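2 protein chains.
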Amino acid sequence: MPSVSARAQKMPSSPIRRLVEFALKAESRGVHVHYLNIGQPDIFSPPAFWEAVKHAEIPTLEYSHSAGIHSLRVAMAADYQKKGIPVEESEVMVTTGGSEATLFAFLACLDPGDEVVCVEPFYANYAGFAEIAQVRLIPVTTYLDQDFALPTVAELESKITGKTKAILLCNPSNPTGSVFSPDALLALAEIARSRDLFLIVDEVYRDFYYGDGELLSVLQIPGLERNAVMLDSASKKFSLCGARIGFLVTKNREILTAGLKFGQARLASPTLDQIGVTACLKKTPPSYFEAVRREYMARRDLLRSRLLKMPGVRCPRIEGAFYAVVRLPVDDADRFAEWMVSEFSFKGETVLVAPCSGFYITPRRGADEVRIAYVLDQDRLGRAMDCLEAALLAYPGALVPDAVAAGR
Amino acid sequence: MPSVSARAQKMPSSPIRRLVEFALKAESRGVHVHYLNIGQPDIFSPPAFWEAVKHAEIPTLEYSHSAGIHSLRVAMAADYQKKGIPVEESEVMVTTGGSEATLFAFLACLDPGDEVVCVEPFYANYAGFAEIAQVRLIPVTTYLDQDFALPTVAELESKITGKTKAILLCNPSNPTGSVFSPDALLALAEIARSRDLFLIVDEVYRDFYYGDGELLSVLQIPGLERNAVMLDSASKKFSLCGARIGFLVTKNREILTAGLKFGQARLASPTLDQIGVTACLKKTPPSYFEAVRREYMARRDLLRSRLLKMPGVRCPRIEGAFYAVVRLPVDDADRFAEWMVSEFSFKGETVLVAPCSGFYITPRRGADEVRIAYVLDQDRLGRAMDCLEAALLAYPGALVPDAVAAGR
Numbered sequence: 069m070p071s072v073s074a075r076a077q078k079m080p081s082s083p084i085r086r087l088v089e090f091a092l093k094a095e096s097r098g099v100h101v102h103y104l105n106i107g108q109p110d111i112f113s114p115p116a117f118w119e120a121v122k123h124a125e126i127p128t129l130e131y132s133h134s135a136g137i138h139s140l141r142v143a144m145a146a147d148y149q150k151k152g153i154p155v156e157e158s159e160v161m162v163t164t165g166g167s168e169a170t171l172f173a174f175l176a177c178l179d180p181g182d183e184v185v186c187v188e189p190f191y192a193n194y195a196g197f198a199e200i201a202q203v204r205l206i207p208v209t210t211y212l213d214q215d216f217a218l219p220t221v222a223e224l225e226s227k228i229t230g231k232t233k234a235i236l237l238c239n240p241s242n243p244t245g246s247v248f249s250p251d252a253l254l255a256l257a258e259i260a261r262s263r264d265l266f267l268i269v270d271e272v273y274r275d276f277y278y279g280d281g282e283l284l285s286v287l288q289i290p291g292l293e294r295n296a297v298m299l300d301s302a303s304k305k306f307s308l309c310g311a312r313i314g315f316l317v318t319k320n321r322e323i324l325t326a327g328l329k330f331g332q333a334r335l336a337s338p339t340l341d342q343i344g345v346t347a348c349l350k351k352t353p354p355s356y357f358e359a360v361r362r363e364y365m366a367r368r369d370l371l372r373s374r375l376l377k378m379p380g381v382r383c384p385r386i387e388g389a390f391y392a393v394v395r396l397p398v399d400d401a402d403r404f405a406e407w408m409v410s411e412f413s414f415k416g417e418t419v420l421v422a423p424c425s426g427f428y429i430t431p432r433r434g435a436d437e438v439r440i441a442y443v444l445d446q447d448r449l450g451r452a453m454d455c456l457e458a459a460l461l462a463y464p465g466a467l468v469p470d471a472v473a474a475g476r
Numbered sequence: 069m070p071s072v073s074a075r076a077q078k079m080p081s082s083p084i085r086r087l088v089e090f091a092l093k094a095e096s097r098g099v100h101v102h103y104l105n106i107g108q109p110d111i112f113s114p115p116a117f118w119e120a121v122k123h124a125e126i127p128t129l130e131y132s133h134s135a136g137i138h139s140l141r142v143a144m145a146a147d148y149q150k151k152g153i154p155v156e157e158s159e160v161m162v163t164t165g166g167s168e169a170t171l172f173a174f175l176a177c178l179d180p181g182d183e184v185v186c187v188e189p190f191y192a193n194y195a196g197f198a199e200i201a202q203v204r205l206i207p208v209t210t211y212l213d214q215d216f217a218l219p220t221v222a223e224l225e226s227k228i229t230g231k232t233k234a235i236l237l238c239n240p241s242n243p244t245g246s247v248f249s250p251d252a253l254l255a256l257a258e259i260a261r262s263r264d265l266f267l268i269v270d271e272v273y274r275d276f277y278y279g280d281g282e283l284l285s286v287l288q289i290p291g292l293e294r295n296a297v298m299l300d301s302a303s304k305k306f307s308l309c310g311a312r313i314g315f316l317v318t319k320n321r322e323i324l325t326a327g328l329k330f331g332q333a334r335l336a337s338p339t340l341d342q343i344g345v346t347a348c349l350k351k352t353p354p355s356y357f358e359a360v361r362r363e364y365m366a367r368r369d370l371l372r373s374r375l376l377k378m379p380g381v382r383c384p385r386i387e388g389a390f391y392a393v394v395r396l397p398v399d400d401a402d403r404f405a406e407w408m409v410s411e412f413s414f415k416g417e418t419v420l421v422a423p424c425s426g427f428y429i430t431p432r433r434g435a436d437e438v439r440i441a442y443v444l445d446q447d448r449l450g451r452a453m454d455c456l457e458a459a460l461l462a463y464p465g466a467l468v469p470d471a472v473a474a475g476r
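Note that the protein sequences, when read in sequence, are chains A and B.
As numbered in our numbering, residues 69 to 476 make up the first sequence, in order.
As numbered in our numbering, residues 69 to 476 make up the second sequence, in order.
Note that these hints are calculated values from the structure, not bench results.
Note that the coordinates shown come from a computational prediction; the quantities given were computed from them, not determined experimentally.
Heads up, some of the hints might be wrong.
As the list makes no split between identical chains, a pair holds if one copy fits it or if it spans any two.
Simulated crosslink set (DSSO-like; lysine-lysine; CA at most 30 Å straight-line) [claimed, not checked]:
hint: 1; residue 1: K227; residue 2: K78
hint: 2; residue 1: K319; residue 2: K93
hint: 3; residue 1: K377; residue 2: K231
hint: 4; residue 1: K319; residue 2: K150
hint: 5; residue 1: K319; residue 2: K78
hint: 6; residue 1: K93; residue 2: K350
hint: 7; residue 1: K377; residue 2: K319
hint: 8; residue 1: K377; residue 2: K122
hint: 9; residue 1: K351; residue 2: K122
With the hints as extra help, turn the sequences into a complete structure.
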C-alpha cells in the first residue's frame, strides 16, 4: 500500500480550524458557540459587490487573465495611490486569496532549504506554506509583555545565516494586533537591503489601524524596490473572506514574472469574485471604512476592558487588525480551548478561541496564550467574555492566583 | 540585489498562454483572432448557476469549510453514483479548480525528488505543478500514428525506478482527445497495485466522451481503493472555467487527511462559486449534457474532415475531451504558431493554437505538433480552419510535400 508523502505527514493542522469539529459537536448538543477562533468578521460585505455580481451579464463564465482582470488591477493600484503608496497597475498581480499571494511569494523568492526569518507569533498558516515550499521559518520572538514590539536589529541579525533569503512579517499583525513603528520598519528594511534579502510584508490588515501615527507600507520605503514584496487581500478589507481574492504586489519585475508563471499553472482566480471586488474598490464610500473602523475600535475596547478585569489574564496594547494574543492563567491553552468547547458551557453558551502554540515555532512558546478574534458584535462579544470568565473559574487546570504570580 | 529562486527561473511558461500577448497585439492591429489555444469553451454556463448566485441571500460572504461546502460534496458524490462510480460525500474534497486538485495530489503523494511516470503528451501545466512540488515527471511517450494509445505494460514498467511513487494520466486525454480502453487501464492499475504506486487520473473531461464503449473511472477499479486518486473539475463540465471549482476524490483516508491540511492552509475555495456549482449539479437536466456532447461531436467531425484535407497534416482519432494533437508540415510548430498571430492573416483573421513542445518532456518531441481546442462554434471553427489552411500555404517554413513524405 502506498503511503502519503513525508511533507503531508509533517504538514501542520490549522490551529485556527483544528477545534472546529469539537465546536460543531457542542452545537449538536444544543450549546451556542461564539466563534472567536477565526478572522471571519460578521461585518456586511459591501452592497457594490452584490450589485456587480447580480448584474454581471456573462453567458459563459470564462477564465480570466492569469494575473487578474485588468480593471481590478487598475482599481487596486488607484486605491494604493490614494493611500500614498506608489503602485502601478502592472505591479499588482491578482491571486486566489492572500493565501496564494503568500505561497507565490515563497515560491518566487525561496528554494527548498532556504531560510526565512519570521517574527513570532506569526499567522499560523505561514508554517503550512513553508512546508509546501520546503523552506525553513526561523523565528525571532516578540513578547506579550513588550506589546509584541519588533525585536532589536541585533536580535534580528543574529538569526541571519548564509541560507537566509527573506524576512517575513505581518503589519498590522495577525495574530497580535500590534503595529510596527515606521522607525522599526526602516531599521528592518536596512537589514534587508544591506544583506540582499527579500522583505515580505503581509499588509492584509492595512485598513484596520486604530493608532494616530503613520502606518508605513513596505512599498513606501525608498530604495527598497527590489527587496519589497507586499501581500494583500480583499477578504478583510471588504469582509469578503469567501471571495478568495488577494494580491501580490511588488516593484521587482523578476518576482512579477515568476508570479505570472505560477499563476499560469493554476490558470486564473475566480472571475465573478474579481468583478465584485472591482466594484467594491470603485464604489465603496470612505464612510464604510470609517464605520467599520469605529465598530472594531469599540469591540477592541470592550474586549480589553473585560480581559483586564479577569484575574491572571494579560492583554497587550492592540493597535490594528482584529486579533489579540492573550495570556491565560491555565496549565495549557490547547487543553483549555478544547475543554471549553467539549466539556464546558455557561448559560447554554461557550466560546471557541485559537490556542497559540501553532503561532510559534519556538517550543513551549505560547503554551499559555490564545488568539482571540474580535469579529462578533459587542453584545455577542460580551457574552463570549462572560463564558471565558466563567470558564477560567471552572477549568480544572486553572492556575491559582499565587501560581500565576510566581510564573510571571 | 536579491535574486528570485531557482525554481522560479525553471518554472515553465504556459505553452497555452505564452502566445496570448502576440494575439492581443494582432487584435490591436485589427486582426480577428480565433482562440483555439485554450480549453475555454463558448458553451453557455447553465442558468442554474446564475439563478443560485443571484438569489444567494448572504449578507457576509464568509469562508466555507476547507474541504468544501457540505451540499456540494453531497451533490458531487450523488453525480458520481449516478454514473456508476462508487463515491461517498466524505471522499470528495472541493478544491480551487482542478489545478489545485492536481497540486494537492502531488503534495500529498510525493516528496521532493520523487518520480511520477506520466503519459506524454500531457497537460502542460502538470510540469508547472511538478516544479512547484519539486518532483520529476518521467515521460512514457504515446504516438500520434497510434492514436495516442496507452503504451504496453513492458514500456511502462521500464520507466519505474526506486523513486517512482505515482503514475499520472488524463482520461479522456487533454491534450490528445484519446480515451484509454478499460483493458489498458486495468493493466496499468495492476502495475500500480503490485508496485505500491499511486495512480492519479485526471478525469476532468469525463462528460466529453463520444465513443460507444465503457469509459472506466479509476475509482471503479476493484481493489485499487488505496492507490486511486481522481482529479475533477466543474470548469469543463458546466462551462464554468472562471468559477475555479475542482475536486480531489479518493477512498484513501490518508490522502484526504493530507488534502484537508493543505486546504486549511489556503482556508477555503470560493463560496459563491461553490453555491452556483451545487445548483448546477442539482438542477441541470441530462438534455444539457446531450446537447453539449452533440455540439462537440459535430465540431470534432468538422475539424477532422478539414484537417485531413490539408496536405501533410495528420490528425488522429479523437474520442473525448475537446482537443486534438495534430501534426503539421512545418519546420517548427512553435515558430509557426507565433508566426500565425504575429505576421499572418487571412481575410482579416487568424488563429491561435498551442505548440506541443511544452506538452512533452522528451526533447524535440512534438516539435511539429500543435494542440487545437475545438471550443468555438462551427462557423468560427470553419473560418479558423480556412486561416490554418491558408497559413500552411503561406508560411516560409512550410515543408514541401516530398520532405513531408520523407520525414514520415
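Hints, one by one, checked against the model:
| no. | hint | in the structure |
| --- | --- | --- |
| 1 | K227 - K78 | both (24 Å within a copy, 29 Å between copies) |
| 2 | K319 - K93 | between (48 Å within a copy, 25 Å between copies) |
| 3 | K377 - K231 | neither (46 Å within a copy, 59 Å between copies) |
| 4 | K319 - K150 | within (18 Å within a copy, 51 Å between copies) |
| 5 | K319 - K78 | between (34 Å within a copy, 21 Å between copies) |
| 6 | K93 - K350 | between (42 Å within a copy, 28 Å between copies) |
| 7 | K377 - K319 | neither (47 Å within a copy, 51 Å between copies) |
| 8 | K377 - K122 | neither (47 Å within a copy, 47 Å between copies) |
| 9 | K351 - K122 | both (15 Å within a copy, 19 Å between copies) |
Violated hints, listed in ascending order, are 3, 7 and 8; each of the other numbered hints is respected by the structure.
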